[in-house]
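We have chain A already, so just place chains B and C on it with the hints.
These protein sequence lines are chains A, B and C, in that order.
When the first sequence is numbered by numbering that gives the first Met the number 0, its final residue is 394 and no position is left out of the sequence of numbers.
When the second sequence is numbered by numbering that gives the first Met the number 0, its final residue is 506 and no position is left out of the sequence of numbers.
When the third sequence is numbered by numbering that gives the first Met the number 0, its final residue is 316 and no position is left out of the sequence of numbers.
In short, the hints are calculated from the structure, not lab data.
Heads up, incomplete: computed chain A residues facing chain C, CB under 10 Å, no partners named:
#, residue
1, Leu-36
2, Ile-174
3, Gly-195
4, Ile-361
The C-beta atom is built at its ideal place from N, Cα and C for all residues, glycine as well.
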Amino acid sequence: MNYRIRIETRAENPAWVGVISSILGVALSLIVGGFVLRAAGSADPIATYREIFKEGFGAPADWQAGASALLANEPCPKGMLCFGPLSDTLVKTAPILLTALACIIAFRMKLWNIGADGQMFLGAWAATGVAVFLLPKETPRVLMLTAMALAGILAGLVYGAIPGFLKARLNINEIITTLMLNYIAYKMLEFFVVVGPWSIGDFESTGRFPTPATWPRLTELSKQIPITAGLTIHPGIFLGIAAAFILAWALYRSRWGYEIRVVGNNPKAAKYAGINLSRNIILVMALSGALAGLAGMNEAAALRELNGRFPRGYGFTGVIIAWLARLNPMAAIFVSFLFGGLLVGTKLIQPQGIASMLQGVILFVVVGTELLFRYRILLEKKEPAAQTEAGDAQP
Amino acid sequence: MTDAPFAFEMRRIVKKFPGILANDHVDFACHVGSVHALLGENGAGKSTLMNVLAGLYQPEDGEIFVGGKRVAFHSPQDAIANGIGMIHQHFMLVPSHSVAENIALGLKEPRFFLNLNQLEEKVAALGKQYGMDVNPRAKIWQLSVGEQQRVEVLKMLFRGAKILVMDEPTAVLTPQEVDALFYTLRDMTAKGHSIVFISHKLDEVVSIADHVTVMRRGKVTAAGAPSKGMTKPQLAKLMVGREVLFQIEKKKMQRGDVALAVEDLCADNERGLPALKNLSMQVYKNEILGIAGVAGNGQSELAETLTGLRQPKSGKIIFDHVTLDSHTNWLEVGKQMAHVPEDRAAVGSVPALSVAENLILKNFNRSPISSGWSINSIAVHSNAVHLVDEYQVATPSVDTPARMLSGGNLQKVILARETSGNPKLLIAVHPTRGLDVGATEAVHKLLIKQREAGAAILLISEDLDELLSLSDRIAVIYEGQLAGEMPAEGADIRAIGLMMAGAKADV
Amino acid sequence: MNANELTSLAAIILFGALVSGSPLLFATIGEIFAERSGVMNLGLEGMMLVGAMSGFAVWANTGGMALGLLAGAALGALFALLHAFITITLRADQVVSGLAITFLGTGLASILGQPYVGLRVPQPTSLELPLIGSAAAEQVALIVLGVIFAPLAGYYLNHTRPGLNLRSVGEYPAAADSLGVNVAATRYAYVLFGGALSGFGGAAMSLVTDPGWVDGKTSGLGWIAVALVIFASWDPMRGMWVSFFFGLLRRLPLDLQNPALPLISTANNPQIGRMMDMLPYFATIFILILGSRKAMRKRMGAPAALGNPYVRGERGL
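Isolated chain A (complex conformation):
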């Protein structure tokens, strides 16, 4: 063989590479997921996917029916099917968008915050504490929700700043610390609501929150706007979208965002420019935690009670969304929406865990294809082999 394969780093990396590899990643993972589904006993993966889409977003026919009903200010002719799935998806999007944003800001500085889940739990815990045990039941809703949000942000902030501090001062690997803190947060919540001071009687739960501590739902407008009957959308999604916009502004337009991007890309140049690395590490981790904590509050106010079944894993979904969105806050909105649909759509699908597996496959494939684009595979001629026969040589 006179040829050999050489892998060489590409010099350019056009923007379309990232987008294509993300799309490819999703497509490929759907294919792989199809095989796994088969293996798990599902007869027709494509039908399964269609089901998932319908559960998560609804059918276009239903949207049409809903649109006309809206214009005529009539209730949806198909019950909840017009916009029901979309509404549920938007509800799911809110927390995962926030955790994704948390991951984005941290990953931008090459801080691997895998602890968004734990920070979210802390946020939920703090928000619950404020709502149920601190403020009187009659507090006006706006005040209550604001207080909960602040509590959630603060708790997440502290919980994120801890590993940040450990990394900045002692150079302790933040992956492990944030992970451990995840488990500690899970246990702590369990402690409070299952066996501890917050559980009501024998029920492993705080019981239902007072109404002001819950999100108002669109369905509350159903008297005036009949189409909204049964729709569960709440303002939490706006928190997420607002956070995305603010983060985008901060990253690309603010001084601090510039510092973060410089540090994340070339710490030596950052040091040269006089940027304080250790301070930024702590700040970024704190902000990341704060966003995740807000996600926790979001979810708590949505679930209307805190119990042992508080959802785990949103933090990890955030990691994947952040990656798929190429660490771009605006893109994260869109990707979160898609994932929200995935989560809602797979809730009733057997086998359970499809969402989790798909997430894993997606991340993997995306990482893999990104690399494929990062490198060029060349076929090149081997160097002509030098002769090794003994020859006569003059001394």
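Frame of chain A, contents of chains B and C only:
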């Protein structure tokens, strides 16, 4: 000695790298039992040539004969199998392992069970045989540099190397260790080994070598001459050459006040060894002070201490009448002091950010670029457009990521960023390294322009031509000190070459 | 409670610690090998889960426990191969690849393990031990396996040629390369080995130490293993001791449920039980902090080349 057979011969060796002809039909031969010095400046091609011999590179053309037999090496193992061992400037020793473990690494026997005790005995015996005492149990990090070098030598001898190639072996040694090394080398040649000694230091070459080959710009300028007959000035001339210089338009300027004064500066390098030894100098406004010298004599450390990237051990740095020390706010100083670092990509720029964003690295915190919390993107953009135009940076747009720029254009971006603030002092380290002719010329013009604008410029470079044509004064840095400062005009190249190689100018 | 009962209790607790720590031992030592070669493998949790699930599945379908354990190891190695390819050949970021593997493994194990949740579990072979009473022979075998394996691993690492090659590759790959050691092959080999051991450890969990499969069986053990490697200063014997110690921490809440200890019994104080559940995780952080203060890092710490892909320089070594 000249009747002794050749230990090895290299004939018409050609080795190319992208854009560079490192070895241009080079002939090199070494007699058995002799020390043969390979002399030349940085980039002359000597290390490349020896890397070919040691099996690290494959030449495009040419032949190698060892002991009269034609050979071709595809890996360092092939070379070692033929008795050729190379000892690099950066030792290939695992710091946390012991001497014996390092020597044992990669050996064929024993196959599975390492009998370290036995190995240690063998190593100790070998060391005794060659008069190099090393404790085979000692960890590498515990040893001095000289001792580590001995381990490298023993590593090769253990594998039966008859021919040893040493790349700048004395660069990291103290004078006593150098003496010890030379003693060992003499002993080894008496035992029949052949040694190739790559160096740029004339004194040592004259003292230890039997033969000298000088290389310049990929070619041999003196092949295998007996060193007894050469004088240092002769050698210097062969090393440095005499060429037609690019004449750069340079106005005669009256130099201004002292911008930077350095007094008795002492600093250590990465390894903790002294890199700057009581270095003193002054740089004046409207003047370019060029610092010549072979890489590794303290240039990097000098630039780093002056720009706050390295803490000096002692001495004073006075910039614009203000003493710089550990309390200095370097961000503030950065407004007046510009630094074009030697490593563009690693330190000087942020590859993923756009050209425009790179251009504000020094002033992103100030107006008009930023006000309050936010960065004024319009100001950033117009600043970038203006600078790209003024400095003639070739880039698709100001929003292109910096890593897509060619070396020369990236350098222009860095220069633009550093010089656009009209700094009082500009420190440029190897600013045209790796740049083509056009880019080099552009950089030179920029430097001259700054000089005329009143800046004091400290130019550290390996390129003598560049230094001679740009500088008003030239000094040579050698082993952490400045030797021989003189006006650039009419400077004696040979004298400079001698100083670069450590010999005194009056020889 | 008299002296006999106390000794008995202590023995039971100790035995429990050894059992609980054994899977951790294998995962930790496996990762020690991988990291000694310079590759960080954060996919341990995923590999353990996949190992646990596949091991249980194979047993459920064939009845062979040894087969199940082997299957777990094989699956672990397979995932490790993925990781190795991405990080060694494609030179991608080791952190991201490891995380992706964890997600993948977790999800896959969750889905494919669905049909096996709550299935009947392997019946342990009963063995009479002094002080402890009736114990599972398989568990004893596992402990013995681990206790023999750890010193062997240590010997291999420090006193054999392959061990020397391994250590050199992780410390200074250029030096190893210059002397003819194949850096890439070495790294591949030990990453796979580490994955196999992790998969084996996972299978051991679902088949031996805590028979049965549930989603998320390993509850973070893989992550703890990653931290334990640091705590063990990358030494297999130390890895064994710290694994057993953490086994103790994990078992404590369970063992202290003995109502004969009214004061500290977790059955009476479920709150204390929950708090103790947090112990292993707090301990991990704690030891990381301890570890960072050791200035020994340079001398007896992380393999110097850990986390850095090896590229033979263009201009020579």
